[in-house]
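*Asks:* Sequence:
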Amino acid sequence: MARVLPPCAALLLGAVTAFALVACGGENQPRLLFSSYSSQDRPGLYSVRADGSDLTQVAALKVEGLAYPRVPSPDGTRLAFPCRPDGQQSLPETDLCLSAPDGSNAQVVTRGKLPESSVVGAGIAWAPDSRLVVFCTSDVYVLDADSGEVRRLVVGTPGVPIGGPQWSPDGSHLAILAADTALEVADLNDGAVVNVAEPLAGQTSIDQFAWSPDSSAIAFVRNTFPAPAGSVNLYSVAPDGSNLREFPGIPGAPIRPVWSPDGHWLAVPAAPPEGGFARIYLVPVSGGEPTLLAPSLVLSDYPAWSPNSAQLAFEGAETAPNPNAFPPFALYVADVESGELRQVAADLQPFPLITWSPDGRHVLFTSQGGPCVEGCPPGLLFSVPADGSASPVQVTDFRVNTFVGWRP
Numbered sequence: 000m001a002r003v004l005p006p007c008a009a010l011l012l013g014a015v016t017a018f019a020l021v022a023c024g025g026e027n028q029p030r031l032l033f034s035s036y037s038s039q040d041r042p043g044l045y046s047v048r049a050d051g052s053d054l055t056q057v058a059a060l061k062v063e064g065l066a067y068p069r070v071p072s073p074d075g076t077r078l079a080f081p082c083r084p085d086g087q088q089s090l091p092e093t094d095l096c097l098s099a100p101d102g103s104n105a106q107v108v109t110r111g112k113l114p115e116s117s118v119v120g121a122g123i124a125w126a127p128d129s130r131l132v133v134f135c136t137s138d139v140y141v142l143d144a145d146s147g148e149v150r151r152l153v154v155g156t157p158g159v160p161i162g163g164p165q166w167s168p169d170g171s172h173l174a175i176l177a178a179d180t181a182l183e184v185a186d187l188n189d190g191a192v193v194n195v196a197e198p199l200a201g202q203t204s205i206d207q208f209a210w211s212p213d214s215s216a217i218a219f220v221r222n223t224f225p226a227p228a229g230s231v232n233l234y235s236v237a238p239d240g241s242n243l244r245e246f247p248g249i250p251g252a253p254i255r256p257v258w259s260p261d262g263h264w265l266a267v268p269a270a271p272p273e274g275g276f277a278r279i280y281l282v283p284v285s286g287g288e289p290t291l292l293a294p295s296l297v298l299s300d301y302p303a304w305s306p307n308s309a310q311l312a313f314e315g316a317e318t319a320p321n322p323n324a325f326p327p328f329a330l331y332v333a334d335v336e337s338g339e340l341r342q343v344a345a346d347l348q349p350f351p352l353i354t355w356s357p358d359g360r361h362v363l364f365t366s367q368g369g370p371c372v373e374g375c376p377p378g379l380l381f382s383v384p385a386d387g388s389a390s391p392v393q394v395t396d397f398r399v400n401t402f403v404g405w406r407p
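Numbering that gives the first Met the number 0 applies: residue 0 is where the sequence shown begins, and numbers increase by one.
No lab work stands behind these hints: they were computed from the structure. Keep in mind that this is a model prediction, so the values were computed, not measured. Treat the hints with care, since some could be wrong.
[Said to hold, decoys possible] The calculated label-pair distances, taken between Cβ atoms and stated as ranges, are: (1) 387 - 162: 37 to 43 Å; (2) 287 - 114: 48 to 54 Å; (3) 180 - 118: 35 to 41 Å; (4) 337 - 197: 17 to 23 Å; (5) 327 - 306: 24 to 30 Å; (6) 127 - 91: 27 to 33 Å.
Ideal placement from N, C-alpha and C gives every residue a C-beta, glycine not left out.
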C-alpha cells in the first residue's frame, strides 16, 4: 500500500532565479522537476527527490483562461505559452508570451515581430540551455529569451500544420514534422534546412521520431496501416540527410522509438500486423535481429531506459485486457542482457510518465493508484526502488502532467 508524503513545509511561491533555490535543505540530491496545470488540482511547478521525499512547490500557477499548457524551460525559471493581444480575448493566440514560473510578469515577446496572420499553436519547445525557444505558426520561429530576438527558421505553407519540434541534445539542430509527411532538420548555426525523410510509396506519414543521445542520428517511423508482413517502417538518418538506414525484422508497426543512453539500442514498441497490443522490441543500432523484451507479457509499452542502459522500465500486462475496461497494467523492470523481469508496482495507469533517477536506484512514474475503468486523467506521482525492494511511495495527491527533467 502506497503512503502519502507531506509537502515540504517551506513552499517557495513566485519566481525563482535558479533551480538550485528550490531545495528545502537536506542532502544535495538530484531532484525531478515536474508540472501540474489542471485547475482541479494545485497547478504549479514542483520538485522532489528521487526517493519521493521533500516534495517542494517551486511556483504556484494561475491557470484561469489558459487555452494552452504553459511550457517550463528546462531550468525551471520561465514559462512559454501562446497568448492573445492585450484585451483581445475573442482573438486567437497570435503571439508568444514568457512569464515567471508562477505565471506572473507575463510579457508578449513577439509583439510586432510576426506576420499579422500568424497564429501560435501548441508546438513550443525549449532548447536544452533554456535560452532559445522554438514555436510554430505555419512557419517555425526561434526566440532568444534573453535578448528578445526572433528569427524565422523554417518557411512553411499557409494552412499546412508544422509540429513536433524536437531539439537535438546538444542544441545545435531542430527536427520538425511538416504536415506529418516529411521530416526536416534545421541547423541553428547556419539556418540551413534539410528534408531528411519523406514517405515512400504506400506509406502514409512520418512521425514518432527521436534524437540519438549524441545528436548524430534521428530514429523515425514511416507509418503504413495496416503494416504488411515483412515491411520496414523503422529508420535512422543523420541530421544532414546522409546515412539513411533501415531496421528490418520488427513484426508489425513500430511506434515511439527510444534510444538507450549509450546509443547502442533502440527500444521500440510495435503493434502486431494481425492486430492486438503493443510489445517492446530491442533493436541493436549496430545491426542484427530485434529481440522481444518480455515474451511472457501480452502487452509492453512506454519504455524508459536506466541511465547505464542496462535496464528498461515499462508498462506491461500479463493478461489480455477486458474489451470494456483497461487491463491490469503494472510497472516492470527488465534486464536487457539476461531478460530477467520483475514487477515493481501494480495498478499502473495507461499512458504513464516514467523516468529513472540519475543514479538508477529509483523509478518515478504516474498512476491512478488503483484500477482505471472509465478513462484515465493524468495520474498521481509515485516513486519505487528499481530493484523492487520496497513498495511504491505516493508522492503527490494531485495530478502530474509533465516531467520537465532532473536537476542537481
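*Asks:* Under the constraints set out in the numbered hints, which ones does this structure not fulfil?
*Replies:* 3 and 4
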